[in-house]
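Undergrad: So you can see what is in the structure, the chains are spelled out below.
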Amino acid sequence: GVTEKRLIAFCGSASKPVLEEAAERFYKETGIRVDLNLGGSGTMLSQMKLARRGDLYIPGSPDYMVKAIRDGIVDRDSAAILAYLIIAIDVQHGNPKHIKTLSDLAKPGMRVAIGNPEAVCVGLYAVEVLERIGLLTKVQKNIVTHAPSCEATAALVAMKKVDAVIGWDVFSKWNPKKIDTILLKSHEIPRIAYIPAAVSTYSQDKKGAQRFIDFLASPAGQKIFAKWGYIATEKEARRFAPKAEIGGEYKLPVNYTLSVQK
Amino acid sequence: MDFGRSHNWKGITSERAFKAATISCLVLLTFFFVGIVLSLVTYTNWETMISTLVSPEIIFAIKLTVITATISAALAILAAIPAAYAISKFNFPGKSVVDTILDLPIVISPIALGAALLVFFNTPLGMIIEVKIARFVFEVPGIILAQFTVITALAIRLLKSTFDGIDPRYEQVSRTLGCSKLKAFMKVTLPLAKDGLIASGILTWARAIGEFGATVTLAGATKMKTETLPVAIYLNLAAADVEKAVAVIFILIALSLVALISLRKISTTRYHL
Amino acid sequence: MDFGRSHNWKGITSERAFKAATISCLVLLTFFFVGIVLSLVTYTNWETMISTLVSPEIIFAIKLTVITATISAALAILAAIPAAYAISKFNFPGKSVVDTILDLPIVISPIALGAALLVFFNTPLGMIIEVKIARFVFEVPGIILAQFTVITALAIRLLKSTFDGIDPRYEQVSRTLGCSKLKAFMKVTLPLAKDGLIASGILTWARAIGEFGATVTLAGATKMKTETLPVAIYLNLAAADVEKAVAVIFILIALSLVALISLRKISTTRYHL
Amino acid sequence: MIEIKNLSVRVGDFSLRDINLTINDREYFVVLGPTGAGKTVLIECLAGLHHFRHGEIWLDDADITAVPPEQRQIGYVPQDYALFPFLNVAENITFGLKARHAPPETINDQVTTLAHLLHISPLLNRNVRTLSGGEKQRVALARALATSPRILLLDEPLSSLDVRTAKYLRLELRRLHEELGVTTVHVTHDLIETEEMADRMAVLNTGHVEQIGTPAEVFFNPRNETVADLVGTPNILTCDQVKPIGHGLVEAVCGGMSIVLPLQDGGIRKIALFPRDIYISTTKPPGPELNRFKGVVTDIQPFSSLMRLKVRVGKNQLLAELPQDIFEEMDIKTDQEVFLILKLRRLRIH
Amino acid sequence: MIEIKNLSVRVGDFSLRDINLTINDREYFVVLGPTGAGKTVLIECLAGLHHFRHGEIWLDDADITAVPPEQRQIGYVPQDYALFPFLNVAENITFGLKARHAPPETINDQVTTLAHLLHISPLLNRNVRTLSGGEKQRVALARALATSPRILLLDEPLSSLDVRTAKYLRLELRRLHEELGVTTVHVTHDLIETEEMADRMAVLNTGHVEQIGTPAEVFFNPRNETVADLVGTPNILTCDQVKPIGHGLVEAVCGGMSIVLPLQDGGIRKIALFPRDIYISTTKPPGPELNRFKGVVTDIQPFSSLMRLKVRVGKNQLLAELPQDIFEEMDIKTDQEVFLILKLRRLRIH
Ligand SMILES: Nc1ncnc2c1ncn2[C@@H]1O[C@H](COP(=O)(O)OP(=O)(O)OP(=O)(O)O)[C@@H](O)[C@H]1O
Ligand SMILES: Nc1ncnc2c1ncn2[C@@H]1O[C@H](COP(=O)(O)OP(=O)(O)OP(=O)(O)O)[C@@H](O)[C@H]1O
Ligand SMILES: [Mg+2]
Ligand SMILES: [Mg+2]
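Protein chains in written order, with the numbering used here: chain P, 13 to 274; chain B, 4 to 276; chain Z, 4 to 276; chain L, 7 to 356; chain H, 7 to 356.
Simulated from the structure, these hints should not be mistaken for lab results.
Predicted, not measured: the structure shown is a model, and the values here were computed from it.
Treat the hints with caution; some may be incorrect.
Chain P is faced by these chain Z residues, among others (derived, beta-carbon under 7 Å) [stated by the list, open to error]:
| id | residue |
| --- | --- |
| 1 | 202 |
| 2 | 225 |
| 3 | 238 |
Pairs of lysine-lysine, DSSO-like flavour, derived with a Cα cap of 27 Å [stated by the list, open to error]:
| id | chain 1 | residue 1 | chain 2 | residue 2 |
| --- | --- | --- | --- | --- |
| 4 | L | 104 | Z | 22 |
| 5 | B | 98 | Z | 186 |
| 6 | Z | 98 | B | 268 |
| 7 | Z | 197 | B | 98 |
| 8 | P | 185 | B | 66 |
| 9 | L | 173 | H | 339 |
| 10 | L | 316 | L | 300 |
| 11 | Z | 135 | P | 172 |
| 12 | H | 249 | L | 173 |
| 13 | B | 66 | P | 40 |
| 14 | B | 228 | P | 17 |
| 15 | P | 40 | P | 17 |
| 16 | H | 173 | L | 339 |
| 17 | Z | 190 | B | 22 |
| 18 | B | 228 | P | 40 |
| 19 | L | 249 | B | 190 |
| 20 | Z | 66 | Z | 268 |
| 21 | L | 249 | H | 290 |
| 22 | H | 349 | H | 339 |
| 23 | Z | 135 | P | 109 |
| 24 | H | 249 | L | 290 |
| 25 | P | 153 | P | 109 |
| 26 | H | 173 | L | 173 |
| 27 | B | 66 | B | 228 |
Where a beta carbon is used, it is the ideal one built from N, C-alpha and C, also for glycine.
Make a model of the complete structure from these sequences and hints.
TA: Take a look at the structure:
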């Protein structure tokens, strides 16, 4: 109807099923319709910047939220954490290459991919993990491509283009028939990522937008995240990596070359 | 030419070889296209296929795609007709500049075009248009505008060559018979151009059906709102749901095939009347 | 026609109005394209522009784009010449099927084509090709293959209409003068088709320059490896770096303009020799 | 009455310069000119299809210079007829009436009348692509006449027809002109057409009107070299003696040449003989001796793509023309003896 | 010697059926047929440009049926000449020699010789687009002759030329044939061309050879109705009496008609008069009385797009033809009196 309230949310496409279910539930409860505009997290931010509109920003990882806050595109105070993401190795279903640890990725002939560390946060996390345990140069020899987004990183394993990617634990939940996740040892994980949400400064209906974030962060919202395999609470996340930082920044090593295996 | 119909064909080997070579090249290319499309079958799952086909999301996407592509192709042809006529028949200062600019939308990737459109609606003019006329950004009209932007240059190129082939004499005669320039154009040039108009229309429409980059940038990718078939493919690929993406690709192909074949049939039948 | 050159032109209003209307339509469309591109200037920052232009990444991307587009356009034209010739001059069973299939790559969005290519290299045949011939997935040859897949159908369409316009009589005469079918094609048909070949080449090349969807899907978006200019635009947008994306768009436009204008110049000069 | 005053017009590199013409009511006016003279441009100016720098066109007492073609009340038959291929014959004829929103009865009447007048009634439902040249010509004429124009403009209406059809259509065009009395401007490059059809004529060359007058005036008294060349620089022979030899033939003796030609009403005083209708041979041609003469070449001059020979026969100096290549092949020198054959039916008698 | 044996070929809806022809060495052989008879198809078969179901073509003692065109040693001049527009005149002529990798000296010699022979030396550097029709014809001929073919195939070589040029080129083609002695197959729809040029001829109609022989045999003894129609169903008049009337003319009296015609060597016994060369008029035509007669229409029959009238003049029944539309316009009935004009130069004498 004409009088119906509508919000536009710019979301990383990885959270598509969760957010769709949540938006549906939210509509039933409040009568506010949330249109989910889906795509790569960075692309979504660009789109908001270019269009100067949108009510909510829900990227797939924290780094773009940092950028969005810095550029004043979202309201810093409205930012909330919706779910946690743990860095892991994702392999093809059944783990045909028998990958157990990060050092397996350095074996000759292994085909590995990571997200583009300059554009995709899962790529940045991957570099950090490798650098931390001193495998960066060795594994780098096996990196055949940089994926342009978080989802593309997962798709590479799903389409059997590579043997393994360093990605999120949740990849195997997105596509359980194609992807298996191998968890890292807790000391190998320097940092826990999360899915944040915030209200856009361009929003015409900040109150409505805030209500959606509140709903997502509420137990009802958390239940939906949990249902789709996400780690919804910090407590649960801590089980995987008790000492890791939550969020925060990591700078690419200066001598890190972006070139990949020829 | 009437080669190869008879059973006791008296062949001339080198000629046969040449014909075979060129046709092989054609068939090879066809197989190449068919092959890469068919290799998608490895990811096909009949259950997914059927469930996808009947899902309200995809039914909505099919409708949205057909409707927007038809509108934008119609608009593009309507805009391209006078523009192509002007570039084909009139001389004016700056014509070669205009001609080169019209190649640009082919060079610039659709995604960049979409970004430019997005920015345009931030300019004062763009804002006035959004407020006074219609909202484009992240709305259905945006899909049409995005498709229109991408396909119009193609339509102009195709129609220009149609108009180039029409003898101005016919228009002149109709003028002496009492038609104004506009009437002459409507009653003589357009009927003469009918064949080319139909062909350009088909190709332009096909291109609009497949448009993705500009659409997704300007109109966004919102389920049940601005999700066309190409956008659905992208979203499913982005969600790493390869089976569903492949299912949508096949739906898009099937839809286009049916439409292309029937458009060709209708237009040839009509033409022979 | 020779309108509007003289200073004391004796005008006929309705005609003038019609001419003005069509040219306005053309100019309006041109302004529309120029306008949306220029609205990007609001996001332009001269410093970013210059630093982008001299960054090794972009210099690499320019080189890669030009080289791959030139190779793939050349390959596409080479493949399209015999294919278009076969479809224009020979009859064979299944011709109309082939004809319709050749419209498909225009309909299917490049991103889906890229996905199909990616899947193809998972099939046994695709794996053999990757091992024995060359690696395409995530490699530079993949860019060329992706561009080739997208532009070949267009090249065939364009060349078909060129060959349609060539009288077979010339070839027949050259046969009687001692040319084999192949030689007749090379020494007679190709020179006759020169004009159309050049025009098709330019459009095909322009389309290859701007190709994004299939390229990024098949060859990936690896900096300094498979990053063409359209991919660079996308990556910068994906990294939320709008200013740099806009700078790359302008670089792409400038590059294409220079190339298009000089190609046109060269080809017309040559033609008049 | 049509008056063209000081008309000048440029198209591309070509220009019509300073045209002044008056065409009277109900006149059949022919403009004669070689290929590229600007005949089509001139007729297009009359039709209002060109815009020009200088000059005016008046129809009776109105300046129609700036009147668009659709308001000029003209009927135009272009060189290639340009029948609308997407319409059938009847629809072609009614096109102009429909464009002017004539009532259906008028349209039907007009089609019936014109189809009858031009003998195309059986063709009315035919696709124009299937018509022969002569039929196309009639349909184009019917289409032009349907709107009852005040002026009929014919651009080389007979040039693409075979000789036989052209001959009949010449007669028919004249008959139609007599019946309908429409002022007609007809352009052509054909001398015989001009002579047979024109009430008055103008000679157009490289964009300029060289002479205006009746065909007899122009053919026998070309005003300058150019016109003379265009109407074929006729050799004018004055006849000393004419005697009938029976069978409808006469023998005319002109300066020592004895020429046999069909008997004409009104007697024979002069004979005009076009250089291109004199065949030259270096060897004695086989066949009958009719109108053949021996002569001596006195002068040879190139003239555009032709060679012009002056040949003395008896007391006459005859000018003959040969294509350059044929001339070279024959290897003719001055003072050489040659044989001349006069083409009988091209003798023009005054 | 060329032998065509039982040749049958289909192109589209059209087929050549069961063609048997023998063309002797050094012969100038003309195939006469109306538009659409299959003349071009036949010549294309000889050139090897068609593949056919049945039949063989032999050249001397070799079966060349399956030999591709480039190995047949033929020179082919197509109907529209098809000069390569991207090459100049000299390059067009040398095209075949270069394709066969002839040594440069041979190429130069050949060009010089041919250019001289065909009088095109001044054209060698010209763009072929700028040539006139006659010049194009010569260049196409030179191109075909450059490779010293054993057979020359000419497809209506003169039909697109103006009357005057065509006349000269007829002579020139015969001369060339005499000089070079190349076996020549020439197809045409023109009766006069056939009569003037052919050593022997064949009549082709709707894909079938109707008659083979010398022109005199075919014209005066058409084997069947069809051939008679094609060669114009001549009215053959037997002359009772022939008397010279001076000035190279004779008067022939045939069945009561007195016809004046040029004197022929060898006397006159029969006159062939083509129906289309008899003009009919319902009113007494103006002009001299030469070869004009009064007659009575005895029969009227439609014949394709023509009307055929039988007219009794004296003791003769003459067949005359009129285009349908002209016939309708004249409104002729049987038993009506009409006037006939015989076209002088089309009288064929035996
Ligand atoms: N639209 C045009 N643009 C440029 N030049 C033109 C145009 N129309 C005609 N001309 C040139 O003007 C000259 C006169 O042309 P026009 O058609 O009037 O000749 P014409 O006397 O009708 O000859 P023809 O007997 O061949 O029809 C020619 O040299 C022609 O090339
Ligand atoms: N390639 C073709 N495909 C279909 N039909 C053809 C083809 N070539 C010729 N024909 C048909 O064959 C018939 C004979 O054609 P052909 O060209 O031999 O006639 P022609 O005797 O040379 O006539 P013209 O005097 O007009 O040149 C025509 O009806 C023509 O339409
Ligand atoms: Mg003209
Ligand atoms: Mg023919």
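Undergrad: Let's test the interface hint: is any C-beta of chain P closer than 7 Å to that of residue 202 of chain Z?
TA: Violated, about 34 Å.
Undergrad: Taking only the CA atoms, is the gap from residue 135 of chain Z to residue 172 of chain P under or equal to 27 Å?
TA: holds (19 Å)
Undergrad: With the threshold set at 27 Å, check whether the alpha-carbon distance from residue 66 of chain B to residue 228 of chain B stays at or below it.
TA: Holds, because 11 Å separates the two Cα atoms, which is no more than 27 Å.
Undergrad: Quickly compare the C-alpha distance for residue 228 of chain B and residue 17 of chain P to 27 Å and report which way the hint goes.
TA: Given pair residue 228 of chain B, residue 17 of chain P holds - Cα atoms ~15 Å apart, limit 27 Å.
Undergrad: Would you check the hint for residue 185 of chain P and residue 66 of chain B, treating anything up to 27 Å between C-alpha atoms as holding?
TA: violated (31 Å)
Undergrad: Starting from residue 104 of chain L, check that the Cα of residue 22 of chain Z is at most 27 Å away, please.
TA: holds (24 Å)
Undergrad: With the threshold set at 27 Å, check whether the alpha-carbon distance from residue 228 of chain B to residue 40 of chain P stays at or below it.
TA: Satisfied, since the Cα-Cα distance of roughly 18 Å is no more than 27 Å.
Undergrad: Against the 27 Å threshold, does the CA-CA distance of residue 249 of chain H and residue 173 of chain L hold or violate the hint?
TA: The given pair, whose Cα atoms are some 33 Å apart, is violated under the 27 Å limit.
Undergrad: Check whether the Cα positions of residue 190 of chain Z and residue 22 of chain B lie no farther apart than 27 Å.
TA: With Cα atoms ~17 Å apart, residue 190 of chain Z and residue 22 of chain B stay inside 27 Å; holds.
Undergrad: Would you check whether residue 238 of chain Z satisfies its interface hint, that is, whether its CB is within less than 7 Å of any CB in chain P?
TA: Because about 6 Å separates residue 238 of chain Z from the closest Cβ in chain P, which is inside the 7 Å limit, the hint holds.
Undergrad: Within a Cα-Cα threshold of 27 Å, do residue 153 of chain P and residue 109 of chain P meet the stated pairing?
TA: holds (17 Å)
Undergrad: If you draw a straight line from the CA of residue 135 of chain Z to the CA of residue 109 of chain P, is it 27 Å or shorter?
TA: holds (22 Å)
Consistency with the previously given hints fails for numbers 1, 5, 8, 12 and 19, ordered from lowest to highest.
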